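Please build the complex by placing chain F on the supplied structure of chain H, with the hints as guidance.
Those protein sequences? They're chains H and F, same order as listed.
Under full-length UniProt numbering, the first sequence has 78 at position 78, and the numbering climbs by one with no breaks.
Under full-length UniProt numbering, the second sequence has 341 at position 341, and the numbering climbs by one with no breaks.
Wrong hints could be hidden among the right ones.
Identical copies carry no separate label here, and so any pair may be met within one copy or between two of them.
Said to hold, decoys possible - When the alpha-carbon atoms are kept at most 25 Å apart in a straight line, the in silico SDA-like pairs for lysine to any residue are as follows:
1. Lys57 <-> Lys268
2. Lys268 <-> Arg28
3. Lys57 <-> Ala32
4. Lys268 <-> Pro241
5. Lys179 <-> Asp4
6. Lys57 <-> His275
7. Lys57 <-> Leu267
8. Lys151 <-> Thr358
9. Lys268 <-> Gly311
10. Lys50 <-> Gly60
11. Lys57 <-> Ala351
12. Lys57 <-> Leu273
13. Lys268 <-> Asp61
14. Lys151 <-> Thr8
15. Lys57 <-> Arg28
16. Lys57 <-> Ala239
17. Lys57 <-> Thr35
18. Lys57 <-> Glu24
19. Lys57 <-> Glu27
20. Lys151 <-> Gly188
21. Lys151 <-> Asp4
None of these hints come from the bench; they were simulated from the model.
All values reported here derive from a predicted model rather than from experimental measurement.
Number of protein chains: 2
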Amino acid sequence: MKTDARLTPLAASLPASVPFVGPEAQERRRGAPFTARLGANENGFGPSPKAIAAMRKAAGDVWMYGDPENHDLRQALAAHHECQPENILVGEGIDALLGYTARLMVGAGDAVVTSAGAYPTFNYHVTGYGGQIHAVPYTGDYEDPERLNAKAREVGAKLIYISNPDNPMGTWHSGAMMKEMVQNVPDGALLLMDEAYIELAPPGTAPVIAATDPRVLRFRTFSKGYGMAGARIGYAIGAAPVIAAFERVRNHFGVNRIAQAGALAALKDDAWLAHVQAEVGAARTRIAEIGAQNGLTALPSATNFVTLDCGSDGAFAGNLMAALLDAGIFVRKPFAAPQDRCVRIGTGPAADLDAFATALPAALVTAKGRALL
Amino acid sequence: MKTDARLTPLAASLPASVPFVGPEAQERRRGAPFTARLGANENGFGPSPKAIAAMRKAAGDVWMYGDPENHDLRQALAAHHECQPENILVGEGIDALLGYTARLMVGAGDAVVTSAGAYPTFNYHVTGYGGQIHAVPYTGDYEDPERLNAKAREVGAKLIYISNPDNPMGTWHSGAMMKEMVQNVPDGALLLMDEAYIELAPPGTAPVIAATDPRVLRFRTFSKGYGMAGARIGYAIGAAPVIAAFERVRNHFGVNRIAQAGALAALKDDAWLAHVQAEVGAARTRIAEIGAQNGLTALPSATNFVTLDCGSDGAFAGNLMAALLDAGIFVRKPFAAPQDRCVRIGTGPAADLDAFATALPAALVTAKGRALL
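So here's chain H without its partners, still in its complex pose (with noise of 0.2 Å):
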């Protein structure tokens, strides 16, 4: 295809990349619904019943926009963070803030930095708005903080991006390493912590840092812990003036009301996040048993997913994911050797890692086989 005039030199040199396929379309491919739904790191225990009940109220007045200041919401996050809710940023999801804080702060050819098998879609809106990606290695299966200060003040970075704990790995750091990345965050630079998995950590896994700190920007959502992944809703924790300057591009009325109202609901209900801890770890427990019961060891993981060591290379697990994939069992696995020799299986009812579990031999089966070819 000829390429349309009038695109923009940037947006004409973008390919249409898709972070990632989403489990409807492969699906369709396939024919055939999935029957463990594991693969999107969503939280199978689901929302809050309250708030589902305040969703479906909200429903009833979905003729009217959100509030474009998400002013109810911001003021009881302020109150849980014990912050300002000129502090608090909420916007439809953290994949949007992202893109938000990608169009603010990179020009063409600003350097960003990142572990080389985090979260595509960062990268996506960073090479989107021209950046230049600056990935380093994981340590471990750990994303190092001391590695990723040391390569932004190399190339003078823009911006750093950590997930704590991580994706696609689910290890974690504690928050006083945390607390000291931020203390080492290079001049001209602004970290990035995507916190999207912080309310499944140990406690002590989110640092103890001012939310007026101008190095450093938090990314929390209800995606993960609260359960709301398909009501895009997500916030971020700073400094008054970074928060301000979103308003020069967000996209004001954003934010979905029944989201707004299912989120405030959620964020009360400390019972059910509390529910849905145990659920998790229990789960994660779980999974790490049927994963030794099949030769894969599980790495250790502080969010609602268990990311299994095949304990060959990515060929090898990729076979594995086809081989579970073709079963019914949608799961997913990283993306950057060495990581990628794993698979990453999400918590979820017992009723769907029972599937898992019941599917995995054959899979293993199936990935050996084809590995002897």
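Relative to the frame of chain H, chain F by itself:
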């Protein structure tokens, strides 16, 4: 405040501009809720009960991300518009789709043509990507297709924006005239035809154009006729290569799952849409009557609002709007002269229009009193 050195030069140059202050923010400032919410071009007759039911059902599934391909809705929309799914782009409201369009097409200094006083959110996106707005005046109270195309030819515009029916005036052109406009789009330009209100316009207002025509991108929404403004879901119809370009920049997982379900149900409920069309038509007549009883002239409207000519200048209309707001009637008004001599009143349930009718005489007295100061 010192400018954050991490911002791009473009971002640093942008004002923190909010195209519209929401009614909730105004309610917080005045310390009381509005009696009638008639200012945001919302549809107070609400969405189809079947759409509400579908959204309530989907609330229980919100732990899953929505399908990033929006497959089912695109299929349904393609059938509805007798085109292919490849001609349909679903996104998180027209606002977001206009933003993506600006991102794809508008670079620093690129010329964009619109009408003075037309949709400010479009201008916000264009300016936000460094584009140069060239605004032509309305002709009478109508956007002027010939003038827009001529200006685009003169300045070598990348984009031309027109809304038909028009917001904020409510006026409209025939489909035949819009088709002629498409045929005269200058080479190198893309015509953005915002048809947000099209379901509320007389038959024949939508031009008969091939969905594959590469000169035009048509924007539709579930916010207006379908009454789902808070759900943030809209779509564009265009040539497949133009639609495909959005894969390079869009937030693939950006559409709310509940909104997807609601939109699909709303699209199928022709009877409810007919009900809304009848209610909106009756409310337009009623607003015109209320205006006439108070010496204000209603402009013809093909939308879910009626623009009332106050017969004076922008200052007078501003005072009238302020007096209505003080009286608890949320309305807005056009920004640019001479259209700013008007106030814009949304169609809504009878009780809301009763409240408007009750408040209007005293508000006019107040506005006339201020005019004498």
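Results for each hint:
| no. | hint | verdict |
| --- | --- | --- |
| 1 | Lys57 <-> Lys268 | both (17 Å within a copy, 23 Å between copies) |
| 2 | Lys268 <-> Arg28 | between (38 Å within a copy, 22 Å between copies) |
| 3 | Lys57 <-> Ala32 | between (33 Å within a copy, 22 Å between copies) |
| 4 | Lys268 <-> Pro241 | neither (28 Å within a copy, 46 Å between copies) |
| 5 | Lys179 <-> Asp4 | between (47 Å within a copy, 22 Å between copies) |
| 6 | Lys57 <-> His275 | both (23 Å within a copy, 23 Å between copies) |
| 7 | Lys57 <-> Leu267 | both (17 Å within a copy, 22 Å between copies) |
| 8 | Lys151 <-> Thr358 | neither (44 Å within a copy, 67 Å between copies) |
| 9 | Lys268 <-> Gly311 | neither (42 Å within a copy, 51 Å between copies) |
| 10 | Lys50 <-> Gly60 | both (16 Å within a copy, 11 Å between copies) |
| 11 | Lys57 <-> Ala351 | between (30 Å within a copy, 22 Å between copies) |
| 12 | Lys57 <-> Leu273 | both (21 Å within a copy, 22 Å between copies) |
| 13 | Lys268 <-> Asp61 | both (21 Å within a copy, 20 Å between copies) |
| 14 | Lys151 <-> Thr8 | between (30 Å within a copy, 21 Å between copies) |
| 15 | Lys57 <-> Arg28 | between (32 Å within a copy, 22 Å between copies) |
| 16 | Lys57 <-> Ala239 | neither (34 Å within a copy, 39 Å between copies) |
| 17 | Lys57 <-> Thr35 | between (31 Å within a copy, 21 Å between copies) |
| 18 | Lys57 <-> Glu24 | between (28 Å within a copy, 18 Å between copies) |
| 19 | Lys57 <-> Glu27 | between (31 Å within a copy, 21 Å between copies) |
| 20 | Lys151 <-> Gly188 | within (13 Å within a copy, 42 Å between copies) |
| 21 | Lys151 <-> Asp4 | between (37 Å within a copy, 22 Å between copies) |
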